[in-house]
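> So you can see what is in the structure, the chains are spelled out below.
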Amino acid sequence: MRCPSCGREIPEGVDVCPHCGARVTKRLGMRALLAFSLALILVGGVYAALSLQGYRTYAQIGDLSRKMTYASVQVSGIVTGSPSVYLNPRGMEGISFTISDGTGELRIRVYGKAAQRLVDSRVLPSLGDRVEVSGTLLWSSAGYLYLSVNYADALVIREDLRHFQELSITRIASASPSELEEYSMVETTGIVTSVRPMEYLVLYTLTDPGSGSSVTLVMNGLTRYVLGDAKLGLGNGTVTVRGALKLYGTEWEVELLTVGGFDAPAAEYSGSPSSDPYSLVTLEGVVESLSGDPSTLPAPFSMVVSGIPVNVEAYAGRPLDLGVGDSVVVKGILLEGPGGRYVEVRALTMDGVWA
Amino acid sequence: MMDLNFVLGTYLFALIGTVAGSLISSLPGLHVYNVIGFALLFYIPMAERFPVHPFMMTAFLVGMLVGYGFVFTVPTVYLQAPDDTLVFNLMPGQRYLTEGRGHEAVVLTSLGALLGILALVVLAPLVMPYLKLLSDLLNPHLHWIIGMVILYILLSEFPKDFGRRKKISGRLIEGWSTIAAGYLTFALSSVLGIILFTKTLIEPSRAFQNLMPALVGLFAAPNVILNLISRREVPRQVIQRDFDADHEDLFNGTLSGVLGGGFSAFIPAVTAGIGGLLAGHATAQWGDRSFMISMGASRVVYYVGAVTLFFMPLIHVRRGLLAQNIALFYAPETHAQFYLFLSAIAFSAIVAFFMTILISRFLARRVSARSYRIVSAFTFAAILGIVFGMAGFVGLAVFAVAAMIGIIPVIYFSRRSNALAVILVPIWLNMSGLMDKVVQLLGLR
Chain A
3 MRCPSCGREI PEGVDVCPHC GARVTKRLGM RALLAFSLAL ILVGGVYAAL
53 SLQGYRTYAQ IGDLSRKMTY ASVQVSGIVT GSPSVYLNPR GMEGISFTIS
103 DGTGELRIRV YGKAAQRLVD SRVLPSLGDR VEVSGTLLWS SAGYLYLSVN
153 YADALVIRED LRHFQELSIT RIASASPSEL EEYSMVETTG IVTSVRPMEY
203 LVLYTLTDPG SGSSVTLVMN GLTRYVLGDA KLGLGNGTVT VRGALKLYGT
253 EWEVELLTVG GFDAPAAEYS GSPSSDPYSL VTLEGVVESL SGDPSTLPAP
303 FSMVVSGIPV NVEAYAGRPL DLGVGDSVVV KGILLEGPGG RYVEVRALTM
353 DGVWA
Chain B
2 MMDLNFVLGT YLFALIGTVA GSLISSLPGL HVYNVIGFAL LFYIPMAERF
52 PVHPFMMTAF LVGMLVGYGF VFTVPTVYLQ APDDTLVFNL MPGQRYLTEG
102 RGHEAVVLTS LGALLGILAL VVLAPLVMPY LKLLSDLLNP HLHWIIGMVI
152 LYILLSEFPK DFGRRKKISG RLIEGWSTIA AGYLTFALSS VLGIILFTKT
202 LIEPSRAFQN LMPALVGLFA APNVILNLIS RREVPRQVIQ RDFDADHEDL
252 FNGTLSGVLG GGFSAFIPAV TAGIGGLLAG HATAQWGDRS FMISMGASRV
302 VYYVGAVTLF FMPLIHVRRG LLAQNIALFY APETHAQFYL FLSAIAFSAI
352 VAFFMTILIS RFLARRVSAR SYRIVSAFTF AAILGIVFGM AGFVGLAVFA
402 VAAMIGIIPV IYFSRRSNAL AVILVPIWLN MSGLMDKVVQ LLGLR
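Respectively, the protein sequence lines represent chains A and B.
The opening position of the first sequence corresponds to residue 3 in this note's numbering, with each subsequent residue numbered one higher.
The opening position of the second sequence corresponds to residue 2 in this note's numbering, with each subsequent residue numbered one higher.
It should be emphasised that the hints constitute simulated quantities derived from the structure, not laboratory data.
Take these hints with a grain of salt, some might be off.
Straight-line alpha carbon distances no greater than 20 Å define the calculated DMTMM-like cross-link-like pairs of lysine to aspartate or glutamate that follow [claimed, not checked]:
1. Lys248(A) to Glu168(A)
2. Lys248(A) to Glu189(A)
3. Lys28(A) to Glu249(B)
4. Lys248(A) to Asp210(A)
5. Lys115(A) to Glu95(A)
6. Lys248(A) to Glu161(A)
7. Lys28(A) to Asp243(B)
8. Lys28(A) to Glu14(A)
9. Lys28(A) to Asp247(B)
10. Lys69(A) to Glu107(A)
11. Lys28(A) to Asp289(B)
12. Lys28(A) to Glu11(A)
Here are a few chain A residues that sit away from chain B, every Cβ distance over 10 Å (derived from the structure) [unchecked claim]:
13. Glu14
14. Asp122
15. Thr240
Heads up, the beta-carbon is just placed ideally off N, CA and C, and yes, glycines get one too.
My request is simple: use the sequences and hints to build the entire structure.
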């Protein structure tokens, strides 16, 4: 008899080889090796099937709980919380919005390259959109569940389901909370009569020139980031806006679509100081007096250019190395106050001062 | 979304990578850095000529890594030229080889690797939710954890026997020579590591291979040199049909290997060998069989586990050279990709396991057919050729220095783990913020 390990001659019936110490019985055969390989094939096959399915658990938001943290889930619903953008000193960190499917609400966060890819492709969610989104369920340190999305294709926005109802500003402004459906899409037309930049979003007043009725337009933080500030403002003339209805207290507001929320004619600064008030004007001349420091923007400052007072709003333009006697070109809106006519250089518009 | 063609394409690339990695890993004197170097050599022309999906390229690279993880056991056992992760396998491997059981040693180590991969792919999705937490908990403490590993290596030289000489002074010298040799190895390896981490000895175009000559010199060369000098001969090798291990060996070895490999994959600078040794002590495991199984498991869990961490959604820890290189051209994003990645690993592991058996059978028949000195001479020439090809003349110089350090524990029978200081000490110094002071103290800046 030979030792099955070292091949040397050993006595019959021994359990252990006297030469190499290997056990002669109770050994591991090829069948066991094949069994382990088969187990690995099975596990690998299950994982391949999971990857083919995209490995998503379709869930209703109301069924999600903290116990499901780190689960990979797919949910669908209507965007009911305004899309916003996280910024850090290096740029955009991510996009966030809330969806509701009727059973509950869930915050969605899209991070890093995925968020950048959505911005670059201009495929972005708007309030009222129907979306399908897949991601990893996480528990925030602030005490709520959110869905972390790190793959751009994991967010599907059903733009084909956007149906815009044409409503006049008067109709929207006069409707009671029960008359209109929140998050339904509308299209309306008017003139922008005020701009109020907030920390993250911009509020506009859209006025119907015929009836004088007004409605508040909301440009969310994501739109503001994507478009930049100087696209919609006073002096654009008649603009057509599209967005979703949103109740603020008992009043209806319209939140603009994140992309393609308005058609506004380009602002033309063709007026002069003698034009009608609210005209957009171009003023060229010499700075006669200066109050404030133009080099320390975003602080506002004022000056007199060729006899016309000019007020520059905070955040309007870039820091300027400007002094009395310098030649400037000013673009702004002509307004009339108690002291006479003046030019207002507004933030969030194409207005500006060039030395 | 994945489709069947994508999955099959991934398997195909994993298969090509595994076969290529397995064949390359049959060469002695290799290190994982070389395998990745070869992989990148493949990748660059392929990416230019055939625009392949980066995930499939990743499958190719991981296939190579898995191939290396399995097949490098073969030159370690037959040619006695291990890398830093298999250095502890050398002693039992050598014993098995001299008993004509080299093939059995290879199969047991590879079986450990197969079970290690099985454990890795099963456990990875289960432990994923806790790894981020663990990573956040451990990151501020890594410097002292590595410090403890260093302390463990230093203390593991004790206890030693007294010398057997007649005079007290002779016994004292003999008793302490092994320990002193161990600490000398540790000190010299540390200095070598600090120099390599702070100075660009090898020209920048070969900078990818900066550490490789030292690692090959420290771990692969010493035994080959010793075999050349000592005229060792190897008996005829037996190709076993069944193997000396039972389920207890398999369980103990795999458990200890997975723990050690997982620890090494998670903690920078700690390689699989020392991780496996630590886990072996922690699980009170003993015996050559389960030790070899544990080393096989530890090694693959260390290499493949590090890349798996990178593929885990939301964790993306870039641990290990391959993960860092993959991150240059690909960022995994979804759970589906993670599961396909695990599936490709499982597939590669099976291919690599059977390739290891085939290559081992091939070598077992040839290694004893001629003088082992000739085999060792061929091995040494192959090592020199690889080091020169990868790192040039300066690389050969670094290799020579490292080999001289690496031969100290072989001559004095001290622990080879002391040579791991070449990686551990510089990284520990960097993490604890002491590197600058030490560099100034050594006059390197």
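> Take the hints in turn and mark each one as holding or not.
Hints, one by one, checked against the model:
As the CA atoms of Lys248(A) and Glu168(A) are separated by approximately 16 Å, the hinted pair is consistent with the 20 Å bound. A threshold of 20 Å between alpha carbons decides the hint, and for Lys248(A) with Glu189(A) the separation of about 13 Å falls inside it, so the pair holds. A hinted pair counts as satisfied when its Cα atoms are at most 20 Å apart, and Lys28(A) with Glu249(B) qualifies at roughly 11 Å. Distance restraint check for Lys248(A) and Asp210(A): the Cα-Cα separation of roughly 19 Å lies within the 20 Å cut-off, and the hinted pair is therefore satisfied.
Note on Lys115(A) and Glu95(A): the hinted pairing holds, with a Cα-Cα distance of about 9 Å set against a maximum of 20 Å. Proximity of Lys248(A) to Glu161(A) is assessed by CA-CA distance (about 19 Å); at most 20 Å being required, the pair is judged to hold. At roughly 10 Å between alpha-carbon atoms, Lys28(A) and Asp243(B) fall within 20 Å of each other, so this suggested pair holds. Taken as a hint, the Lys28(A) and Glu14(A) pair is honoured in the structure, with Cα atoms around 16 Å apart against an allowance of 20 Å.
Distance check on the hinted pair: Lys28(A) and Asp247(B) sit about 7 Å apart at the alpha-carbon level, within 20 Å; holds. Under the criterion of a C-alpha separation no larger than 20 Å, the hint pairing Lys69(A) with Glu107(A) is consistent with the structure, at around 17 Å. For the proposed pair Lys28(A) and Asp289(B), the alpha carbon gap of about 17 Å is at most 20 Å, so the pair holds. Only pairs whose Cα atoms come within 20 Å are accepted, and Lys28(A) paired with Glu11(A) is accepted, the gap being roughly 19 Å.
Against the 10 Å criterion, Glu14(A) stays outside the reach of chain B, whose nearest CB is about 18 Å from its own CB. Once the 10 Å rule is applied to beta carbons, Asp122(A) is consistent with being away from chain B; the minimum gap is 16 Å. Even its closest Cβ contact with chain B, about 44 Å, leaves Thr240(A) beyond 10 Å, as expected for a residue assigned away from the interface.
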